[in-house]
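Residue numbers (our numbering), protein chains in the order written: chain A, 1 to 347; chain B, 1 to 347; chain C, 1 to 347; chain D, 1 to 347.
A portion of the hints provided could be inaccurate.
It does not matter which identical chain is meant; a pair holds if it fits inside one copy or across any two.
Derived lysine to any residue pairs resembling SDA-like cross-links, with alpha carbons at most 25 Å apart [said to hold, decoys possible]:
| # | residue 1 | residue 2 |
| --- | --- | --- |
| 1 | 4 | 34 |
| 2 | 312 | 122 |
| 3 | 312 | 117 |
| 4 | 50 | 183 |
It should be emphasised that the hints constitute simulated quantities derived from the structure, not laboratory data.
4 protein chains.
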Amino acid sequence: MQMKHLFLDDYSEGAHPRILKALEETNWSQEPGYGDDGFCRQAAEMIKAKIENPSASVHFVSGGTQANIIVLASLLKPYESVIAPQTAHIAIHEAGAIELTGHKVNVVASKNGKITPEQVTAICDEHTGGHTVLPKAVFVSNSTEMGTIYKKSELEGLAEICQQKHLFLYLDGARLGSALTSIESDLSLADLSRLVDVFYIGATKNGALLGEAVVITRPELQPDFRYHIKQRGGLLAKGRLLGIQFVELFRDNLYFNLARHANEMACRLVQGITALGYSFLTPSTTNQIFPILPESTITKLQQIYGFYVWEKMDREDTAIRLVTSWATKDEAVDAFLNDLRTFRGAA
Amino acid sequence: MQMKHLFLDDYSEGAHPRILKALEETNWSQEPGYGDDGFCRQAAEMIKAKIENPSASVHFVSGGTQANIIVLASLLKPYESVIAPQTAHIAIHEAGAIELTGHKVNVVASKNGKITPEQVTAICDEHTGGHTVLPKAVFVSNSTEMGTIYKKSELEGLAEICQQKHLFLYLDGARLGSALTSIESDLSLADLSRLVDVFYIGATKNGALLGEAVVITRPELQPDFRYHIKQRGGLLAKGRLLGIQFVELFRDNLYFNLARHANEMACRLVQGITALGYSFLTPSTTNQIFPILPESTITKLQQIYGFYVWEKMDREDTAIRLVTSWATKDEAVDAFLNDLRTFRGAA
Amino acid sequence: MQMKHLFLDDYSEGAHPRILKALEETNWSQEPGYGDDGFCRQAAEMIKAKIENPSASVHFVSGGTQANIIVLASLLKPYESVIAPQTAHIAIHEAGAIELTGHKVNVVASKNGKITPEQVTAICDEHTGGHTVLPKAVFVSNSTEMGTIYKKSELEGLAEICQQKHLFLYLDGARLGSALTSIESDLSLADLSRLVDVFYIGATKNGALLGEAVVITRPELQPDFRYHIKQRGGLLAKGRLLGIQFVELFRDNLYFNLARHANEMACRLVQGITALGYSFLTPSTTNQIFPILPESTITKLQQIYGFYVWEKMDREDTAIRLVTSWATKDEAVDAFLNDLRTFRGAA
Amino acid sequence: MQMKHLFLDDYSEGAHPRILKALEETNWSQEPGYGDDGFCRQAAEMIKAKIENPSASVHFVSGGTQANIIVLASLLKPYESVIAPQTAHIAIHEAGAIELTGHKVNVVASKNGKITPEQVTAICDEHTGGHTVLPKAVFVSNSTEMGTIYKKSELEGLAEICQQKHLFLYLDGARLGSALTSIESDLSLADLSRLVDVFYIGATKNGALLGEAVVITRPELQPDFRYHIKQRGGLLAKGRLLGIQFVELFRDNLYFNLARHANEMACRLVQGITALGYSFLTPSTTNQIFPILPESTITKLQQIYGFYVWEKMDREDTAIRLVTSWATKDEAVDAFLNDLRTFRGAA
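Whole structure, please, built from the sequences with the hints as guidance.
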């Protein structure tokens with residue numbers, strides 16, 4: 001049997017056709033290197049307009065781990081640490097990239113990918129006296145690695161505790177499009193810019209070939225940021241490659257339309273799987289969902305669909321991760337739900 | 001007056017049209033992420049065939065500084081250093097990226113961008129006794145930052161001293177195409193694979209959007225290299241972007257044809273400038289040339305051409321850097337030579 | 001009321017008088033610097049004899065955090081991590097010193113300061129696939145930060161799992177004397193040398209002014225270790241200061257006698273406190289004990305004794321830490337027990 | 001023939017007897033650890049009085065390399081570098097310790113160990129544009145590694161250029177006593193405190209067992225410095241060991257008297273060697289001198305005296321380094337000069 005569709009991640013295809021077309025149309029323009037080109041400037045202005053913060057600065061890098069490395073290394077002094085949920089990408093899936101920059105990640109227990117002001121306070125209280133690291137930043141991701149999102153009030157709570165404790169608030173937006181277009185989201189880009197110190201707008205997982213836009217909202221954190229990018233190997237000679245893509249994504253609503261499509265495909269999967277009587281590991285309204293299925297069913301699905309087996313729940317049931325994207329087609333969703341229905345009936 | 005042409009660098013344009021076409025044609029194929037895709041595998045096989053070394057391993061990264069960081073950090077223990085010419089990219093223009101990984105760069109005096117076995121020996125002799133760093137690698141670039149190239153015998157001499165002193169020999173091939181297609185080069189990719197421990201084949205400066213292929217020729221240096229890429233933020237989610245481009249460059253002779261074109265454009269500039277009576281800072285046969293011109297002439301040229309002013313020679317004369325590329329047109333060369341002739345007449 | 005005695009730690013006094021005398025007697029001998037002196041050589045030979053391992057190498061450094069930094073940085077490649085109990089000194093009280101060297105500490109839950117082979121296996125099983133750090137070492141301390149010790153069979157179990165999983169086993173011996181002279185210990189220095197890859201023999205907390213002897217039991221881990229010491233700022237110009245002290249501690253049984261005395265003082269405290277009806281946080285047979293006392297009693301004790309308040313147990317009771325040392329006098333123990341008895345009666 | 005005397009360095013003996021006596025007299029006082037003891041506080045106050053800067057902060061560490069690591073790592077952001085003479089200890093003899101903290105050392109040519117404002121300016125001018133490191137500190141040592149000293153006007157010139165270029169000025173005072181008591185010095189400790197941002201007062205090479213007092217003259221550089229010490233493994237459990245020694249050295253003029261003695265012994269050697277017709281590599285008035293002698297003479301001297309052969313001058317002559325100290329006796333100087341006279345006669 002042939003593999004019908006991959007629900008492995010949101011970067012299985014190339015790029016949205018408009019991105020490729022933009023690269024072609026701009027191909028012969030001679031531009032300065034290293035992000036000093038006109039496209040990067042234009043994209044930065046577009047983003048600053050969308051976030052309603054003219055004094056922000058915007059930098060483009062290649063990927064999420066690179067963004068996290070560069071931002072955190074720029075924010076922290078050698079003895080300072082970052083607080084993060086235990087499910088955070090920086091806490092697990094970046095191969096110790098943050099520690100390689102010299103900084104400890106203080107993890108807090110979290111099942112749904114989120115962190116609360118109380119947890120931040122507890123970590124701060126445990127780290128006093130000069131013999132431990134000094135927590136100086138809080139890492140959140142939106143949407144989280146578990147598909148959940150932060151409501152505006154939750155982010156306001158974190159912003160408040162961070163201000164009180166003199167912590168930077170940093171938001172990993174690898175899947176920010178999916179978060180902001182979630183049916184449950186009440187956050188805007190302008191809210192984000194007001195509430196967090198640094199965040200990035202992820203495009204790799206939302207239709208671009210590669211690219212994340214790092215936004216530094218506070219002027220005092222901006223000087224020399226480019227040195228950090230350069231020194232970590234993140235400054236592309238053809239920086240235009242990133243600028244052109246972001247111009248295309250933000251010159252109208254393409255960025256949000258692609259993310260909304262991914263969410264809708266996930267939503268259809270959630271509804272269909274729920275209708276078949278299954279539950280989920282986390283209450284996701286974004287493009288990553290974690291249905292809990294019998295292992296025998298999972299084994300059959302694995303023959304024809306690509307996805308990650310996430311976490312064993314009990315002797316018989318296991319949570320899997322399904323990811324939809326801008327490129328996911330209705331047919332793929334239909335096929336998956338049909339096959340799941342068939343396998344359930346056979347069980 | 002409008003800027004006619006940029007000779008600033010070899011990454012002012014987008015990509016060769018065949019590259020863009022390949023991205024379009026492969027766009028909808030669903031592929032695993034992080035370089036585990038079919039295109040990266042295919043590109044690696046093609047390169048291993050070209051270098052005639054089936055036991056080499058090939059990894060794709062985004063840029064030259066990133067390649068240098070990752071390779072050197074993987075080769076050196078904390079107290080070990082790398083020997084390099086004072087003109088080396090890692091010694092100047094990477095904003096201390098190598099030092100950020102914890103390693104000293106031992107520089108040797110060099111006017112033409114090259115290093116000799118005698119210089120390597122001298123550095124080794126100066127670093128004994130346990131209170132200094134321990135040199136463990138030699139960095140060369142081909143073509144060099146000064147446009148010059150290593151002949152096969154020169155590289156053999158370096159390989160020999162490295163073996164004798166237990167040093168790794170690493171070659172930065174940001175402009176390897178230009179070096180190997182130089183009319184004076186007697187080196188092949190297979191020679192390289194035999195003589196050096198690690199090298200990279202640069203594509204960013206030879207027609208790709210971005211991408212360098214790191215080749216580790218010795219099996220004992222290969223395990224876990226991918227961890228270094230991951231941990232330094234160099235593993236692209238859509239690794240296919242690099243694989244597709246290298247497949248296109250190496251499935252026939254596109255890589256070499258593009259480099260040869262760049263060299264031919266530079267050669268025409270050299271001949272024309274020489275005919276006008278000017279000399280050069282270094283004897284380049286590649287796509288970077290360093291003519292020495294009167295400052296008044298340079299001022300006029302700067303109005304209509306983009307290029308770097310390199311080094312003041314004396315009170316009146318200064319060396320500039322002109323870079324040609326796969327995208328440089330005969331018309332641009334003609335225009336530059338005509339304007340230079342005009343300005344000389346006017347002087 | 002005047003402070004009668006500090007039970008804060010085992011480094012409140014200067015040094016055992018024999019140490020000071022040895023420094024005086026050797027004072028005018030002219031010796032080479034940086035640990036190349038005759039005393040360091042002699043001390044290394046003495047230690048190699050005691051551990052019955054002539055092929056070990058011995059290096060002297062100033063303190064425990066320094067030893068941990070240097071040893072772990074020498075053992076681990078950039079993407080490798082160390083597994084440790086959550087109570088480990090490196091996990092909490094070294095201000096992120098291990099992370100500063102670039103390495104993640106993978107912590108496992110532990111109440112009594114110890115780690116089990118099953119916990120090591122679980123961490124290894126969770127870290128596969130190339131997107132996480134790669135665990136490569138296990139950190140244990142003996143005695144632990146919680147006053148407990150490893151029995152020979154426990155250490156054999158850890159050595160076995162480490163061999164199986166290709167992990168280095170490293171033992172922090174800041175209080176090794178106290179561990180080995182515990183009435184429950186069945187371990188010898190020779191056992192240690194056979195079971196672990198690297199360990200250190202702590203003297204700062206056992207009668208010396210400062211000094212830890214790092215023992216590398218396996219020849220393949222020994223080359224260039226001195227470079228790590230030098231480069232981390234750990235190589236003392238007057239290395240003799242460390243050598244002289246270790247000669248004095250190991251030329252007879254002074255090292256063990258001092259540790260045994262500290263244990264005996266702690267044992268008397270344990271017996272007296274138990275007799276008064278109190279229990280303990282951990283079952284310690286070494287010089288750190290953790291009695292659980294009513295908060296009102298603690299408040300009174302704090303007026304006249306120095307000690308750390310460790311962990312709140314419930315609404316009324318809290319564990320404190322009492323540390324005895326080579327310098328603790330019977331009178332101090334008597335006084336403490338008397339006062340505790342008085343305060344209990346008054347409650 | 002037996003070795004008569006070592007002129008290898010100024011740390012061949014133990015400590016001045018008053019230091020040992022002070023350790024003995026204070027031995028049983030119970031003190032808090034990690035530099036929070038009364039002796040460290042007292043020593044800090046004494047030093048702040050001597051430098052006439054009540055708002056300075058003083059910290060004690062174990063050695064010079066450790067001081068350099070901690071100070072520079074605390075001053076520099078990841079992409080910033082330190083400018084130093086090519087003869088600087090940090091540029092050669094610290095095994096890449098500064099690079100290990102992630103920072104490049106920009107070296108300037110220097111024969112006599114000193115750096116000029118013009119050289120600082122030149123380095124700054126070469127490092128602009130965002131692709132190189134950003135120089136942010138200047139490293140000087142006084143006395144220098146070549147035995148020379150900075151006059152007040154020279155240090156004022158450096159302070160001025162540093163202020164102008166926004167650079168920190170850091171002074172390595174491993175041999176500060178020797179510098180300040182040089183017959184040619186017009187500098188006081190108070191001058192130093194006024195002119196440089198951070199410096200350290202070295203005691204390891206001036207009569208102590210170990211210890212350097214780091215002085216941070218500017219309040220804005222002081223917060224959290226202790227974290228850097230802790231995290232680099234420099235915070236001694238028995239911090240009292242450093243405090244007690246500095247109290248002894250600074251409670252009267254012992255520190256300066258010891259240094260003056262070392263200088264006087266060196267001065268006698270210089271006069272005697274000059275009288276024999278030999279010249280010197282550098283014009284030293286401190287305790288390190290570099291006479292240039294015939295190789296045959298050196299060979300004979302090496303049989304009975306310990307010293308370093310420094311630099312070959314020509315076919316026949318070589319500079320050696322002779323170091324005197326607080327412990328050098330007139331007899332050793334007499335003997336050396338007598339033997340040199342004898343060997344010269346025999347030549």
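Next item on the list: Please work out whether the CA atoms of residue 50 and residue 183 approach to 25 Å or closer within one copy, between two copies, in both situations, or in neither?
Entry: Cα proximity of residue 50 and residue 183: one copy only (20 Å, versus 53 Å across).
Next item on the list: With 25 Å as the alpha-carbon cut-off, assign the pair residue 4 and residue 34 to within, between, both or neither.
Entry: between (40 Å within a copy, 21 Å between copies)
Margin query: If the cut is 25 Å between Cα atoms, do residue 312 and residue 122 qualify within a copy, between copies, both or neither?
Written below: between (30 Å within a copy, 14 Å between copies)
Check: How would you classify residue 312 and residue 117 at a CA-CA limit of 25 Å: within, between, both, or neither?
Finding: between (29 Å within a copy, 22 Å between copies)
When held up to the earlier numbered hints, the structure conflicts with none and fits them all.
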